[in-house]
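If you're matching them up, the sequences are chains A and B in order. Following numbering that gives the first Met the number 0, the numbering of the first sequence begins with 0 at its first residue and continues without gaps. Following numbering that gives the first Met the number 0, the numbering of the second sequence begins with 0 at its first residue and continues without gaps.
What the hints contain is simulated information worked out from the structure, not anything from laboratory work. It cannot be assumed that every hint is accurate.
As the list claims (entries may be wrong) - If you want a taste of the chain B side facing chain A, the calculated C-beta under 10 Å gives, among others:
{"hint": "1", "residue": "Leu22"}
{"hint": "2", "residue": "Gly69"}
{"hint": "3", "residue": "Val104"}
{"hint": "4", "residue": "Ser196"}
{"hint": "5", "residue": "Lys199"}
{"hint": "6", "residue": "Gly239"}
{"hint": "7", "residue": "Asn271"}
{"hint": "8", "residue": "Ile273"}
{"hint": "9", "residue": "Arg277"}
{"hint": "10", "residue": "Ser313"}
{"hint": "11", "residue": "Thr332"}
Unchecked claim - Below are the SDA-like pairs computed for lysine to any residue, each with C-alpha atoms no more than 20 Å apart in a straight line:
{"hint": "12", "chain 1": "A", "residue 1": "Lys110", "chain 2": "B", "residue 2": "Lys219"}
{"hint": "13", "chain 1": "A", "residue 1": "Lys109", "chain 2": "B", "residue 2": "Lys218"}
{"hint": "14", "chain 1": "A", "residue 1": "Lys110", "chain 2": "B", "residue 2": "Ala308"}
{"hint": "15", "chain 1": "A", "residue 1": "Lys85", "chain 2": "A", "residue 2": "Ile181"}
{"hint": "16", "chain 1": "B", "residue 1": "Lys60", "chain 2": "B", "residue 2": "Tyr83"}
{"hint": "17", "chain 1": "B", "residue 1": "Lys16", "chain 2": "A", "residue 2": "Gly111"}
{"hint": "18", "chain 1": "A", "residue 1": "Lys110", "chain 2": "B", "residue 2": "Lys85"}
{"hint": "19", "chain 1": "A", "residue 1": "Lys19", "chain 2": "B", "residue 2": "Lys85"}
{"hint": "20", "chain 1": "B", "residue 1": "Lys353", "chain 2": "A", "residue 2": "Lys85"}
{"hint": "21", "chain 1": "A", "residue 1": "Lys109", "chain 2": "B", "residue 2": "Tyr83"}
{"hint": "22", "chain 1": "A", "residue 1": "Lys28", "chain 2": "B", "residue 2": "Lys16"}
{"hint": "23", "chain 1": "A", "residue 1": "Lys219", "chain 2": "B", "residue 2": "Glu106"}
{"hint": "24", "chain 1": "A", "residue 1": "Lys309", "chain 2": "B", "residue 2": "Gln40"}
{"hint": "25", "chain 1": "A", "residue 1": "Lys28", "chain 2": "B", "residue 2": "Gly304"}
{"hint": "26", "chain 1": "B", "residue 1": "Lys248", "chain 2": "A", "residue 2": "Gln40"}
{"hint": "27", "chain 1": "A", "residue 1": "Lys110", "chain 2": "B", "residue 2": "Lys218"}
{"hint": "28", "chain 1": "A", "residue 1": "Lys229", "chain 2": "B", "residue 2": "Lys109"}
{"hint": "29", "chain 1": "B", "residue 1": "Lys12", "chain 2": "A", "residue 2": "Asp254"}
{"hint": "30", "chain 1": "B", "residue 1": "Lys219", "chain 2": "A", "residue 2": "Lys28"}
{"hint": "31", "chain 1": "A", "residue 1": "Lys218", "chain 2": "B", "residue 2": "Glu105"}
{"hint": "32", "chain 1": "B", "residue 1": "Lys12", "chain 2": "B", "residue 2": "Arg372"}
{"hint": "33", "chain 1": "A", "residue 1": "Lys28", "chain 2": "B", "residue 2": "Glu106"}
{"hint": "34", "chain 1": "B", "residue 1": "Lys248", "chain 2": "B", "residue 2": "Lys355"}
{"hint": "35", "chain 1": "A", "residue 1": "Lys20", "chain 2": "B", "residue 2": "Glu213"}
{"hint": "36", "chain 1": "B", "residue 1": "Lys12", "chain 2": "A", "residue 2": "Glu27"}
{"hint": "37", "chain 1": "A", "residue 1": "Lys28", "chain 2": "B", "residue 2": "Tyr351"}
{"hint": "38", "chain 1": "B", "residue 1": "Lys109", "chain 2": "A", "residue 2": "Glu84"}
{"hint": "39", "chain 1": "A", "residue 1": "Lys28", "chain 2": "B", "residue 2": "Glu157"}
{"hint": "40", "chain 1": "B", "residue 1": "Lys110", "chain 2": "A", "residue 2": "Lys20"}
Glycine included, each C-beta is placed from N, C-alpha and C at the ideal position.
2 protein chains.
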Amino acid sequence: MNLIYLDNGATTKVDDKVIKKMLPYFNEKFGNASSLHQKGQEARMALEESRRTVANAISAKPSEIIFTSGGSESNNLAIKGVAYEKGRGHIITSKIEHPCVLRTVEELEKKGFEATYIDVDSEGFIDLDQLKNSIRKDTILISVMHANNEIGTIQPIEQIAELCKKHDIIFHTDAVQSFTKIPISVKKLKIDLISFSGHKFHGPKGIGALYIRERIKLKKQMHGGSQERKLRAGTENISGIVGFAEATKIIKNSDIKNMTKLRDKLIDFILNNIDNARLNGSRERRLCNNVNISFDAVEGEAIGGYLDAKGICSSTGSACSSKSLEPSHVLKTIGLTHEEAHGSLRLTLSKYTKEKDIDFVIKVLPDIIKKLRKMSPIK
Amino acid sequence: MNLIYLDNGATTKVDDKVIKKMLPYFNEKFGNASSLHQKGQEARMALEESRRTVANAISAKPSEIIFTSGGSESNNLAIKGVAYEKGRGHIITSKIEHPCVLRTVEELEKKGFEATYIDVDSEGFIDLDQLKNSIRKDTILISVMHANNEIGTIQPIEQIAELCKKHDIIFHTDAVQSFTKIPISVKKLKIDLISFSGHKFHGPKGIGALYIRERIKLKKQMHGGSQERKLRAGTENISGIVGFAEATKIIKNSDIKNMTKLRDKLIDFILNNIDNARLNGSRERRLCNNVNISFDAVEGEAIGGYLDAKGICSSTGSACSSKSLEPSHVLKTIGLTHEEAHGSLRLTLSKYTKEKDIDFVIKVLPDIIKKLRKMSPIK
Numbered sequence: 000m001n002l003i004y005l006d007n008g009a010t011t012k013v014d015d016k017v018i019k020k021m022l023p024y025f026n027e028k029f030g031n032a033s034s035l036h037q038k039g040q041e042a043r044m045a046l047e048e049s050r051r052t053v054a055n056a057i058s059a060k061p062s063e064i065i066f067t068s069g070g071s072e073s074n075n076l077a078i079k080g081v082a083y084e085k086g087r088g089h090i091i092t093s094k095i096e097h098p099c100v101l102r103t104v105e106e107l108e109k110k111g112f113e114a115t116y117i118d119v120d121s122e123g124f125i126d127l128d129q130l131k132n133s134i135r136k137d138t139i140l141i142s143v144m145h146a147n148n149e150i151g152t153i154q155p156i157e158q159i160a161e162l163c164k165k166h167d168i169i170f171h172t173d174a175v176q177s178f179t180k181i182p183i184s185v186k187k188l189k190i191d192l193i194s195f196s197g198h199k200f201h202g203p204k205g206i207g208a209l210y211i212r213e214r215i216k217l218k219k220q221m222h223g224g225s226q227e228r229k230l231r232a233g234t235e236n237i238s239g240i241v242g243f244a245e246a247t248k249i250i251k252n253s254d255i256k257n258m259t260k261l262r263d264k265l266i267d268f269i270l271n272n273i274d275n276a277r278l279n280g281s282r283e284r285r286l287c288n289n290v291n292i293s294f295d296a297v298e299g300e301a302i303g304g305y306l307d308a309k310g311i312c313s314s315t316g317s318a319c320s321s322k323s324l325e326p327s328h329v330l331k332t333i334g335l336t337h338e339e340a341h342g343s344l345r346l347t348l349s350k351y352t353k354e355k356d357i358d359f360v361i362k363v364l365p366d367i368i369k370k371l372r373k374m375s376p377i378k
Numbered sequence: 000m001n002l003i004y005l006d007n008g009a010t011t012k013v014d015d016k017v018i019k020k021m022l023p024y025f026n027e028k029f030g031n032a033s034s035l036h037q038k039g040q041e042a043r044m045a046l047e048e049s050r051r052t053v054a055n056a057i058s059a060k061p062s063e064i065i066f067t068s069g070g071s072e073s074n075n076l077a078i079k080g081v082a083y084e085k086g087r088g089h090i091i092t093s094k095i096e097h098p099c100v101l102r103t104v105e106e107l108e109k110k111g112f113e114a115t116y117i118d119v120d121s122e123g124f125i126d127l128d129q130l131k132n133s134i135r136k137d138t139i140l141i142s143v144m145h146a147n148n149e150i151g152t153i154q155p156i157e158q159i160a161e162l163c164k165k166h167d168i169i170f171h172t173d174a175v176q177s178f179t180k181i182p183i184s185v186k187k188l189k190i191d192l193i194s195f196s197g198h199k200f201h202g203p204k205g206i207g208a209l210y211i212r213e214r215i216k217l218k219k220q221m222h223g224g225s226q227e228r229k230l231r232a233g234t235e236n237i238s239g240i241v242g243f244a245e246a247t248k249i250i251k252n253s254d255i256k257n258m259t260k261l262r263d264k265l266i267d268f269i270l271n272n273i274d275n276a277r278l279n280g281s282r283e284r285r286l287c288n289n290v291n292i293s294f295d296a297v298e299g300e301a302i303g304g305y306l307d308a309k310g311i312c313s314s315t316g317s318a319c320s321s322k323s324l325e326p327s328h329v330l331k332t333i334g335l336t337h338e339e340a341h342g343s344l345r346l347t348l349s350k351y352t353k354e355k356d357i358d359f360v361i362k363v364l365p366d367i368i369k370k371l372r373k374m375s376p377i378k
């Protein structure tokens with residue numbers, strides 16, 4: 000069966016160009032970038048060339064990019080790095096961040112740091128007034144994601160960046176879902192730290208990056224060798240890094256336009272043709288590839304199961320917590336009831352998504368919802 | 000020019016079988032192992048199959064293996080994991096551990112833990128009496144590497160394991176250099192934590208593993224999702240994990256015999272034919288692929304440069320510190336003077352090393368040493 004993969008928020012297919020670029024670094028140019036001989040220098044050159052490519056993508060300097068093992072490590076390093084460098088203080092974040100931000104901030108609270116978790120409105124936008132009013136003299140860091148992984152809401156990071164600049168507070172954003180889909184320029188915006196993850200934009204798994212603005216000091220979290228500006232010990236994953244860099248060049252404007260068009264087609268169809276369906280997140284400021292809908296009186300996991308049987312891969316929320324029975328913290332925070340949150344379905348597109356894929360979803364989804372509602376005890 | 004790669008202690012070529020096994024996980028079986036749909040379950044199955052393979056290799060249970068981003072992360076997690084879980088106490092390690100162990104223990108000292116760094120003898124063997132006498136009531140962890148990355152000395156981990164068992168102390172060993180070259184069975188030996196790194200045994204870079212004996216509790220170091228027994232957040236690097244597992248099956252007994260034979264041929268030639276050359280490390284209990292020699296009155300880096308010009312990749316010590324001007328802490332600890340340490344050369348073989356490669360080294364090395372000694376101001 001030919002699968003229709005609509006779970007690109009969880010992970011993406013690695014692009015063939017990316018694989019082609021990576022391959023020589025497994026068995027030809029396989030040196031250790033710290034070795035002085037030609038095999039090592041070959042690896043070192045690929046590493047620094049990749050760093051330039053990634054820096055270019057956000058108008059940063061190469062020296063401001065370090066590579067990590069993924070988005071979770073980047074977020075852990077950014078937040079713990081600032082906190083432990085400062086030693087004490089207050090951190091502000093939102094209630095709908097990814098678990099790797101929330102759990103990290105909670106861990107810091109146990110270590111004596113203080114934290115404020117800002118509310119979001121019914122579309123998932125951060126409450127800017129509350130954010131403003133939460134700023135204290137000892138606020139050391141504000142961490143607010145660029146776009147939400149479950150509902151696709153794009154936060155007003157321009158305004159948050161201005162606020163941070165005004166108060167001289169370090170600003171971190173988790174751009175794991177948005178990178179390559181929404182342009183970011185660190186020249187235009189005062190963002191100090193940005194997290195990226197390769198496998199969310201057709202790069203390989205196990206590789207991420209962190210942008211660290213010049214003069215921002217972080218305390219290292221992985222001790223050992225002097226790799227990555229002494230901020231991240233461990234032999235550099237050159238094939239992964241080369242793949243990550245290549246992937247930054249993959250998505251074109253036409254891909255984004257196409258995803259937006261197909262996203263809107265799917266949302267419009269569902270809202271117009273299936274009763275008691277509600278779009279989660281914003282209609283306007285929304286990731287180009289995200290559809291998240293709550294259906295009354297059905298279980299999202301049951302919808303997912305029936306879609307899976309038809310060859311459609313979907314999810315009920317973030318893959319990281321998809322095995323947990325707790326409903327999504329994001330959906331609860333935007334005001335959904337326990338039942339509404341449990342009745343949600345996320346479909347995330349990629350540049351590989353075809354119109355006929357969306358047409359197939361449109362064809363099978365209404366019957367699945369109807370069937371499940373007939374069986375539902377909640378009705 | 001066909002290179003002769005003799006820096007396999009720094010990193011190795013990924014085996015073709017490993018690459019073949021990894022490839023489908025980039026663009027076919029690319030799911031997120033936490034996703035519930037078939038694409039996710041396909042990844043989950045590969046993950047658990049890989050875990051079984053790695054567990055088998057050391058007679059462990061699959062539930063005792065977690066995957067990390069590499070050897071440095073495994074060592075950081077093992078040592079910090081035990082320390083922060085216990086909260087306080089005393090740690091014993093050796094003076095010749097890899098920097099990712101030494102820097103981690105030093106970091107813990109700053110956090111209020113106490114540490115003892117045990118001496119080694121002139122061949123690099125840990126002083127077992129000193130180790131015994133250093134044990135205190137509050138000793139929580141002993142971390143001693145299996146085989147040294149610079150001089151290849153194989154530590155008596157059987158005796159250290161016995162000692163730890165007797166005193167009920169957690170025992171961690173860094174097996175990054177030894178894994179697949181020296182058999183380890185956690186059924187036979189009471190080792191509680193063992194660190195592994197994929198790229199040292201023909202697997203990919205960016206992937207490692209940690210064996211954690213049942214009932215040993217670690218405090219997680221990467222916060223976020225519930226992956227890897229809630230010990231290591233982040234989407235699992237499936238292609239890397241599959242490659243790591245495949246690599247555990249690569250090296251055969253005949254490869255080890257061959258490396259040992261070629262190692263001995265090279266050592267014998269140098270000691271018998273080049274004046275004022277001294278073998279660093281033990282002649283008998285030595286990694287099958289390690290040659291480390293000090294030459295009087297020459298710089299190791301200069302030898303490396305001349306060998307590189309002849310197409311031979313070597314190193315002067317650990318790649319992690321090869322850009323530093325400080326002489327190796329390992330060579331200084333086994334008693335070499337500053338000059339002797341600077342005059343050292345490491346040649347590390349792999350299963351791909353051919354007799355003609357060693358013969359070529361034998362052909363060109365004496366002249367290089369002679370030439371450098373003529374130029375040397377130290378003579």
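Status of each hint after checking the structure:
Restraint check, B:Leu22 versus chain A: the minimum CB separation of about 8 Å is within 10 Å; hint holds. A least Cβ separation of about 5 Å between B:Gly69 and chain A falls short of the 10 Å threshold, and the interface hint therefore holds. The beta carbon of B:Val104 is positioned within 10 Å of a beta carbon in chain A (closest approach about 9 Å), and the interface hint is therefore held. The interface hint given for B:Ser196 holds, since its Cβ lies 8 Å from the closest Cβ of chain A, which is under the 10 Å cut-off.
Look at B:Lys199: its Cβ gets to within about 9 Å of chain A, closer than 10 Å, so that hint holds up. Here the hint on B:Gly239 is kept, as its CB sits about 5 Å from the closest CB of chain A, short of 10 Å. For B:Asn271, the interface hint is violated, since its Cβ never comes within 10 Å of a Cβ in chain A; the closest pair sits about 26 Å apart. Among the interface hints, the one on B:Ile273 is violated; its C-beta lies about 21 Å from the nearest C-beta in chain A, farther than the 10 Å criterion.
The interface hint given for B:Arg277 is violated, since its Cβ lies 23 Å from the closest Cβ of chain A, which is over the 10 Å cut-off. Checking B:Ser313 against chain A by beta carbon gives a least distance of about 7 Å; that is within 10 Å, so the hint holds. Restraint check, B:Thr332 versus chain A: the minimum CB separation of about 18 Å is more than 10 Å; hint violated. At most 20 Å may separate the alpha-carbon atoms for a hinted pair to count; A:Lys110 and B:Lys219 meet this at roughly 14 Å.
Distance check on the hinted pair: A:Lys109 and B:Lys218 sit about 13 Å apart at the alpha-carbon level, within 20 Å; holds. Note on A:Lys110 and B:Ala308: the hinted pairing is violated, with a Cα-Cα distance of about 53 Å set against a maximum of 20 Å. Between A:Lys85 and A:Ile181 the CA atoms are separated by roughly 31 Å; this puts the pair beyond 20 Å, and the hint is violated. With a C-alpha separation of about 25 Å, the suggested pairing of B:Lys60 with B:Tyr83 is violated against the 20 Å cut-off.
Taking the CA atoms of B:Lys16 and A:Gly111, the gap is near 50 Å; set against the 20 Å cutoff, the hint is violated. Of the pairs offered as hints, the one joining A:Lys110 and B:Lys85 holds, with about 15 Å between alpha carbons and a cut-off of 20 Å not exceeded. The straight-line distance between the Cα atoms of A:Lys19 and B:Lys85 is roughly 47 Å, outside the 20 Å bound, and the hint therefore fails. Annotation: proposed proximity of B:Lys353 to A:Lys85 is violated, straight-line Cα distance about 54 Å (limit 20 Å).
In summary, the hint linking A:Lys109 to B:Tyr83 is supported, as the alpha carbons are separated by about 13 Å, within the 20 Å threshold. Annotation: proposed proximity of A:Lys28 to B:Lys16 holds, straight-line Cα distance about 17 Å (limit 20 Å). A hinted pair counts as satisfied when its Cα atoms are at most 20 Å apart, and A:Lys219 with B:Glu106 qualifies at roughly 10 Å. Distance check on the hinted pair: A:Lys309 and B:Gln40 sit about 16 Å apart at the alpha-carbon level, within 20 Å; holds.
A C-alpha spacing of about 19 Å is found between A:Lys28 and B:Gly304, which places the hinted pair at or below 20 Å, so the restraint holds. Between B:Lys248 and A:Gln40 the CA atoms are separated by roughly 30 Å; this puts the pair beyond 20 Å, and the hint is violated. Simply put, A:Lys110 and B:Lys218 have alpha-carbon atoms about 14 Å apart, close enough for the 20 Å limit, and the pair holds. With a C-alpha separation of about 18 Å, the suggested pairing of A:Lys229 with B:Lys109 holds against the 20 Å cut-off.
A C-alpha spacing of about 36 Å is found between B:Lys12 and A:Asp254, which places the hinted pair above 20 Å, so the restraint is violated. For the given pair, B:Lys219 sits about 34 Å from A:Lys28 by alpha-carbon distance, which is inconsistent with the 20 Å threshold. Of the supplied pair hints, the one linking A:Lys218 and B:Glu105 holds, its CA atoms being roughly 15 Å apart against a limit of 20 Å. In summary, the hint linking B:Lys12 to B:Arg372 is not supported, as the alpha carbons are separated by about 33 Å, beyond the 20 Å threshold.
Under the criterion of a C-alpha separation no larger than 20 Å, the hint pairing A:Lys28 with B:Glu106 is inconsistent with the structure, at around 34 Å. For the proposed pair B:Lys248 and B:Lys355, the alpha carbon gap of about 26 Å is over 20 Å, so the pair is violated. Restraint check for A:Lys20 and B:Glu213: the C-alpha separation of about 41 Å exceeds 20 Å, so the hint is violated. At most 20 Å may separate the alpha-carbon atoms for a hinted pair to count; B:Lys12 and A:Glu27 meet this at roughly 7 Å.
Of the supplied pair hints, the one linking A:Lys28 and B:Tyr351 holds, its CA atoms being roughly 15 Å apart against a limit of 20 Å. Distance restraint check for B:Lys109 and A:Glu84: the Cα-Cα separation of roughly 14 Å lies within the 20 Å cut-off, and the hinted pair is therefore satisfied. Restraint check for A:Lys28 and B:Glu157: not satisfied, since their Cα atoms lie roughly 38 Å apart, outside the 20 Å limit. For the given pair, B:Lys110 sits about 43 Å from A:Lys20 by alpha-carbon distance, which is inconsistent with the 20 Å threshold.
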